[in-house]
Each structure stands twice: as structure tokens, then as C-alpha cells.
Amino acid sequence: MDRVPIGTWLFMLIPALGTYIAAIYYYVNYNE
Amino acid sequence: MQNIAGSLQVFIVVYLLFLLSLGYFASKRMNKLEDYVLAGRNIGSWVLAFTFSATGMSGWLGLGFAGYAYEAGFEGIWTMVPSATIGILLSFVLVSKLIRRYSENVNALTVPDVLEKRYYDKKKKILRIVSAIIILAASFAYVNGQLVAIGKLINTAIGWDFTMTVIVAAIMFIGWTMLGGLLAICWTDFVQGILMVTGALLAGAFAISLSGGFGTFSMELANVNKIDPNFIISPFATLPIIIYGISLFLGDGIMSWVGQPTLMVRYMSAKNTKTLTLSAMAAVFIQSILFGGTFLAALYMRTKYPDPSLLPVSGDTETVLIQFFATMTHPVFAGLFIGSIMAGILSTADSMLVMGSTTLVNDLYIPIFKPGLEDRKALQYTRLATLLIGVVGVLMALRGGSVLWISWFGWNTLGLFGGPVILGLLWPRATREGAIAGLSTGFILMLAWTVFNLEPKTNLFQAFPACAATYIVTWLVSLMTAPPEEKIQDEVRALRIKKVKENKNIA
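Which chain is which? The protein sequence lines are L and C, in order.
At position 31 of the first sequence the residue is numbered 31 (this note's numbering), and the sequence of numbers has no breaks.
At position 146 of the second sequence the residue is numbered 146 (this note's numbering), and the sequence of numbers has no breaks.
You may find that some hints are simply not true.
Said to hold, decoys possible - Among chain L residues calculated to face chain C with C-beta under 7 angstroms, some are:
1. Pro5
2. Pro15
3. Ala16
4. Ala22
Hints in this document: simulated from the structure, not taken from any laboratory.
As the structure is a prediction and not an experimental result, all values here were calculated from the model.
Don't be surprised by glycine CBs; every beta carbon is placed ideally from N, CA and C.
The following block holds chain L by itself, in its conformation from the complex (with noise of 0.2 angstroms):
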């Protein structure tokens, strides 16, 4: 392989940006 795969780099960023929206919607709609 030349580079890093990019399955690599998405392994890193998708549950990144998965737990972000998470913590805004519970941060949200939990804030009581």
C-alpha cells in the first residue's frame, strides 16, 4: 500500500462526528 487506507481515516472520523451530533442532541433535549 502506498498510503494509509482510507478505511483507516474513516474508522477515526464517522464515530468522531457520530458522538459529536450525539452529545449536541443530548445536550439538547436532555438539559433538565
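Knowing the structure of chain L, use the given hints to seat chain C on it.
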């Protein structure tokens, strides 16, 4: 290195004195044990988020994880991904509000307190003793790991003697912890957390820019993999890597975070439950920056110095991030950046100290030998216990060792509390016998993995079997034993009903 030694020495001395002075000011507010142990339950969102990360991220990140990334490449993302994102959010969502409410409802100051009350163990105190032994074992290991880390850091950066550094650093952080307890720790963590985030953010940016952009960086990493196949560039490279990775992901990245009593104490010290929701969001962002920056800088060091023997200052791979800051950045900034790694170390060491000393005095000594001891005396004894654990930590640290594995042992051992605490707060049916069996089995497995070095033989990361056992055994034994009395089950059910018994600060 010589060019940064001067500025770094000045920075370190001024920085430590500043933190010590924060401890002094916090000590003015210490009137009773709750002030020392839970900062008077008055911590706000941002301080909480920074203290969360500063506590969770120790020398393990700046030294241990950086060295791990340098050696094994992207294998590390199996723990980085959940530890920076999912595990953090789950910890807040599953644990934070429930334990904040429950601890106030039943007037609990520590996690063993919570367990004793939830599992009606006041008479026999078996659960309290088992928890205290586990916390103490982990605290000693953790303080030891952080002291080794600080010794390596200063020794690498400015060449001070390892032993001398360990002793001086210990005097400083034992000092501010003894003075100001958790409040001092939260204040110092806030300052140190900001420093850590700044350091990590700039480390990541420097790494990409020095590599000549993301594309070149990616190609250089692939070249390292060609020279050394142990440096992996795909977390899915082989089946054994995937299996080990999943055990790391679940054991270290999820279960050790959600089961962490040091973080549970942070939740208990929050001003109110509202504080916790904003902290959750902030903590996820902070963690991502800390991990991302450290990881990229460590990988960059590997592309520039493909073999440890080529590293500019020391062949000890745990010091790669320190060497990165010392050689790649301007001398004026190097002090600040290296200070950020030091911040990570000290902010965890002091938290472990306060937790260990609280356990020794509040969870063991007072309930067993001196029930009803007056608060001022208890505070005095807790301070003495802080000193005792610190001194033992210093003596253990003088032998040196791997920051990664010593810290991992401490962290994962503490993660064993997940089973009994989370099941206890979510499931009314969880029983005292279940909690004792779960916690003990987890601890025995943890010790077995360490003593018999089972990790290479089983290809499973130590925390996975141990932490999973705490949930499974607690659950199974609870089902086999008599359910708790209705009053306790009702208290647990009430926790999940919004605004029931909301804490005093909101009311």
C-alpha cells in the same frame, strides 16, 4: 536540547509554584470532609469538563499512548476512537446524572459509599472493604505510573536526575492536594486542561504542516509500514489485530471509561445535573483534540525517525512527544508544550492521591475503626493519608518502568466499578451478593492477566475479560440471590424519573 533547557526550567518552577498557590487558596475553603472530597458539590460545567479530561488523560496519553502510537501505528486507534468520543459520551449519559442524584439522596461522598448504600452493606461492610482494596491498589499503581512519567519527562527535556525529579514533583503535587483537596484539583485541572488542549492542538497542526500536508504524511506512514510491518496502517490488517482491537475498544475505550470512580466523583461534585449535560459535550471535544494531536505528533516522529535508535534525545519511545516538542518547535514554545504534558501527568496524579486517601480514611478507617469521627479530624486524617500514599508512590516510582502499562493497570482496575455501579443505578434487582461477586471476579481476572501475562497468550486486552466479568457476574449472581428490599428498589426506580428529588442547588 540545551537551548530549551533554560526556558523550560524557569517555566516548570513558576508553573509548579502557581499550582501550589491555587492549592493554598482552595485550602481556605476547606471546612468539612465534603469540601475536601467533593469540592462542596459546587463545580460548574467548564471546570468539570476540563477536570474530567485532565483526570482521565495522564502521563498515559503524553508518554504511554504516544509511545504506543510510535511503535504500533494505527493499532492505537482501537482505544483512541472510543476514548476520545463514544466512551466519554456514554460515561456521561449512563452514569453522570444518576450517580449525582443518588449520591446526594443517600448522602454518599465516595463510590464505596454509594455502593454500600445501594447494596445495603452497612452492617457487614464486605463490599466496602473489597472496593477499598481495589481502589487503593489502583491508586498506588496510578500515582507510581505518573511519577515515572514525570521523571522521564524532565530527564528527557532538561536532563535533571530521574530520582530527584520524582521527589521534587511529588512534594509539589502532594502539597497542593493536601492543602486544597478536590477543589484545588479542579482548579489546577482547569488550568492544566487548557494547557493540554492548547499543546495537543498545536502538536497536531505542527505534525501535519511539518510533513508537508496530509497526502505526504499518509504516504510516509505507509513507507514506515513497509520497513516495519509491526507498525500497522490499518486497524483491520489481520484477524488477530481485529480481535485484540475489539477487546481494546470495549475493555479500555468503553468499559474503563464508564466504570471510572475518579470520574464518578467528578459527577458527584457537579453543581447540579444541568451542569453535566454541557460538560458532556465539552468533554467530547476536548478529548478528541487531546488524542488527535498526540496521535498525529507521535506518528510524525515515526516518519521522521523510523527507528528508536535514531531519535534525537533518547531511544525510550515513551518520550517521543517530549522530543517532538523539544526539537520541532521554537524554544520559547517548547516549555509551554512540554508543560502541557506535565500538566496531564500532575492533574491525574493528584486526583488519584485524593481518591486513595479518601478511600483509606473515609471508606476503611472511619467506618470500621472510628465510626462517628468528627469532620475536622477526618479531614486531618485524610490529609495524612494523602502524604502516605504519595510517599509510597515515590518509593515505587524510583524503580522506573513502562508508563503505558503501569497506568493501564491502574485505570483498568478502576474501570471494574462499572458493573456494580451502573447495574446498581439502572437495575433495581441488582443485589449485594451480585455486586461483591462481580467486583471480586473482575479484580481476580485483572490480577491474573497481569501476573500470568495472559495478554499475548489469549490475544485479549486485560480490561476486556475483567470489566466484562463485573457486569456478567453481577447480573447472574443477582438473579440467583434474593432481591433487595422494596425501599431500595424504589430509590433506584426514582432516579430515572425526571426531577424527582432534584438536588438542592436547583431547588
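Cross-check of the supplied hints:
Among the interface hints, the one on L/Pro5 holds; its C-beta lies about 5 angstroms from the nearest C-beta in chain C, closer than the 7 angstroms criterion. Restraint check, L/Pro15 versus chain C: the minimum CB separation of about 5 angstroms is within 7 angstroms; hint holds. Against a cut-off of 7 angstroms between C-beta atoms, the interface hint on L/Ala16 holds, since the closest Cβ of chain C lies about 5 angstroms away. A cut of 7 angstroms between beta carbons decides the hint on L/Ala22: the least distance to chain C is about 6 angstroms, and the hint holds.
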